[in-house]
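Could you build all of it, start to finish, from the sequences and the hints given here?
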Amino acid sequence: GTLLATEDGARTWRRVQVPATEHLTAIHFLGDLGWIAGWGGTILHSSDGGKHWVRQLTPVPYSLEGIYFADPRHGWAVGWTGAILRTEDGGQSWEPVRSPAAAWSLSAVYFRNLDEGWAVGFGGQILHSRDGGRNWELQASPVRDWLMAILFDQAGRGWITTSDGFLVSEDGGQSWRALRLEQPMFLSRLVQAGGSLWAVGPFGVLKRVGENVAWQRVELPSGEQGSQAAQTASS
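Using my numbering, the letters of the sequence shown correspond one by one to residues 1167 to 1401.
It is worth saying that the hints were derived from the structure and are not from the lab.
It is possible that some hints are incorrect.
As the list claims (entries may be wrong) - Across the chosen pairs, the derived CB separations fall in these ranges:
#1 E1173 with R1310: 38 to 46 Å
#2 E1336 with R1221: 34 to 42 Å
#3 L1170 with D1237: 22 to 30 Å
#4 G1167 with F1352: 22 to 30 Å
#5 R1310 with P1368: 20 to 28 Å
#6 P1368 with R1177: 21 to 29 Å
#7 E1173 with T1247: 35 to 43 Å
#8 L1170 with R1310: 18 to 26 Å
#9 Q1258 with T1187: 21 to 29 Å
#10 A1268 with F1352: 14 to 22 Å
#11 Y1228 with R1383: 34 to 42 Å
#12 Q1349 with R1310: 13 to 21 Å
#13 Q1258 with A1306: 15 to 23 Å
Ideal Cβ placement from N, Cα and C applies to all residues, glycine included.
Pasting the structure below:
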């Protein structure tokens, strides 16, 4: 249940109290509204930029690995046993959704708008929804790797991180092709900031600028590793 926050560009960090002892797995912010997913069906919510958090009730007892909100009301969470949850009231209530996901875990979820979204996970699973997450269908996947994160860039190109590279879609997420890295980096998070896209993992950080498909490795200070982060409107 550890949460750290910075307000000076990561020069200093402070610990934030949260009403959870469970391991926390994913964080998502829309301005000052934030949500955290974690083990044991945990979802936490903040309405003040992460200063204070409250627990939201969920109908599942197992780990939630990914969470995403398209606007302050519409959100989705995914996790172990292929679980998918959705909310239309900012998380005051969460409902489980049936899906064709295998019993393996789902790792991440992303929606381009209120209707169209994707969930990805173990075994190369890619699930696609066209109706706000009420119904899902399996998409063809070129790999059977662990798919960890998904994001669409400003040009509409889709990216999924795998255990040894990326899947990329240049037709709006209808089909995907593999881009392998020379060395596996287990990239677990994708973050978009301005015109740049960042891929973050325990073995390093990659950055992509502009419209090209190529990624550049970011040199970090000795001993530092990547993890995950989220930005609030005030940070």
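Is the gap between the beta carbons of L1170 and R1310 within 18 to 26 Å? Violated, since L1170 and R1310 (Cβ atoms, about 35 Å apart) do not stay within the stated range.
Can you tell me whether the CB distance of R1310 to P1368 sits inside 20 to 28 Å? Cβ of R1310 to Cβ of P1368: about 21 Å, so the range 20 to 28 Å holds.
At the C-beta level, are Q1349 and R1310 separated by a distance inside 13 to 21 Å? This hint holds: roughly 20 Å between Cβ atoms.
Outcome of range test on Cβ distance (Q1258, T1187; 21 to 29 Å): 23 Å, holds
34 to 42 Å as the expected CB spacing between R1221 and E1336, which holds or is violated: 40 Å, holds
Do the Cβ positions of Q1258 and A1306 conform to the proposed distance bound of 15 to 23 Å? 36 Å, violated
Given the hint of 22 to 30 Å, is the C-beta distance from G1167 to F1352 inside that range or not? Since the Cβ atoms of G1167 and F1352 sit about 24 Å apart, the hinted range of 22 to 30 Å holds.
Is 34 to 42 Å a correct range for the gap between the Cβ atoms of Y1228 and R1383? 35 Å, holds
Can the suggested window of 21 to 29 Å be confirmed for the beta-carbon pair P1368 and R1177? 23 Å, holds
Given the range 35 to 43 Å, decide if the beta-carbon distance of E1173 to T1247 lies inside it. 38 Å, holds
Quick one: are E1173 and R1310 within 38 to 46 Å, going by C-beta? The hinted range 38 to 46 Å holds for E1173 and R1310, with Cβ atoms some 42 Å apart.
Taking the beta carbons of A1268 and F1352, is their distance inside 14 to 22 Å? 21 Å, holds
In the structure shown, a violation is registered for the earlier hints numbered 8, 13, in ascending order.
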